[in-house]
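Asker: Residues in the sequence shown are numbered from -2 upward in steps of one, following this note's numbering.
FYI, nobody ran anything at the bench for these hints, they're computed from the structure.
Please read these numbers as outputs of a predicted model, since none were measured by experiment.
Wrong hints could be hidden among the right ones.
[Stated by the list, open to error] Here are the simulated DSS-like pairs of lysine-lysine, each with C-alpha atoms no more than 27 Å apart in a straight line:
hint: 1; residue 1: K34; residue 2: K52
hint: 2; residue 1: K107; residue 2: K69
hint: 3; residue 1: K107; residue 2: K24
hint: 4; residue 1: K24; residue 2: K114
hint: 5; residue 1: K34; residue 2: K48
hint: 6; residue 1: K69; residue 2: K114
hint: 7; residue 1: K69; residue 2: K47
hint: 8; residue 1: K24; residue 2: K76
hint: 9; residue 1: K107; residue 2: K52
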Amino acid sequence: VSNMATSRLEINFIRLLSRCESIASEKRGETEWRLEKYVGALEEMLVALKKSASKPPPETLTDYTRKVGFLKGLIVAEKLSSPTEKALANQFLAPGRTPTISSERMPATKTVHVQSKARCTGEMRSELFGTVSLPETDLRHRRSIPADERQSTAELDAVLQHHHNLQEKLAEEMLGLARNLKNNTLAAQNIIKQDNQTLSQSMRQADVNFEKLRTESERLEQHAKKSVNWFFWLMLILVSFTFISMILFIRLFPRLR
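Go ahead and model the full structure; you've got the sequences and the hints to work with.
Answerer: Here it is as structure tokens:
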């Protein structure tokens, strides 16, 4: 029974999440208060899912958390007054990584993110060039004209393509920087490794030279001792021979009277 309740809770969470993503993708007016209430309910259901005994896998929970956080951030960003602040807040939003329902070709939050950035770009451009925004009734009237719809769709597609190109260019630059950083790191590691090898060889050579020096010092000391001993015995023999010679000389040649 607990598993069935948990499964029903997750199904309800997915349905509400999909509904919130659908509302977020629309140009909201009166429905904005519903999105905020729905997201609050999503947060409560997400907490219940995390505490559930048979909760979803950690990867799924992480993606759920990302999507709920994205929707909360989107609501906060849309309440900002300045288009520049809205655009900056949109840059820090992190959409979900997987589709919420099987019929989605790409995550709905990613589509909402791109649309939101496009709207912010349009508002910034309007503010920059002093374009006066039309009343909501005029906008509804224009949306009823197919030609204007096609033009608006073409402009939106152009903005989306421009953002897509910028993102690809930024991704390529980041990859290039990452490759350069990796190459520089590998080069530095090789240099440090070679320096360590050279230092190790120098230390081993210094140890060998020290051992040779100690051996030669011991041999020199022994040689010096031997030289001193031979010189001592030679002088002793010479003195002894002189003394004996003098005694014999005195004996053989007595002093004349």
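Asker: Give a verdict on every hint.
Answerer: Going through the hints against the structure:
Between K34 and K52 the alpha-carbon distance is near 24 Å, which keeps this suggested pair within the 27 Å criterion. Simply put, K107 and K69 have alpha-carbon atoms about 14 Å apart, close enough for the 27 Å limit, and the pair holds. For the hint pairing K107 with K24, the CA-to-CA distance comes to about 16 Å; that is within 27 Å, so the pair holds. Taken as a hint, the K24 and K114 pair is honoured in the structure, with Cα atoms around 13 Å apart against an allowance of 27 Å.
A threshold of 27 Å between alpha carbons decides the hint, and for K34 with K48 the separation of about 22 Å falls inside it, so the pair holds. A C-alpha spacing of about 16 Å is found between K69 and K114, which places the hinted pair at or below 27 Å, so the restraint holds. Of the supplied pair hints, the one linking K69 and K47 holds, its CA atoms being roughly 18 Å apart against a limit of 27 Å. For a cut-off of 27 Å, the pair hint linking K24 to K76 stands: about 14 Å separates their Cα positions.
Distance check on the hinted pair: K107 and K52 sit about 25 Å apart at the alpha-carbon level, within 27 Å; holds.
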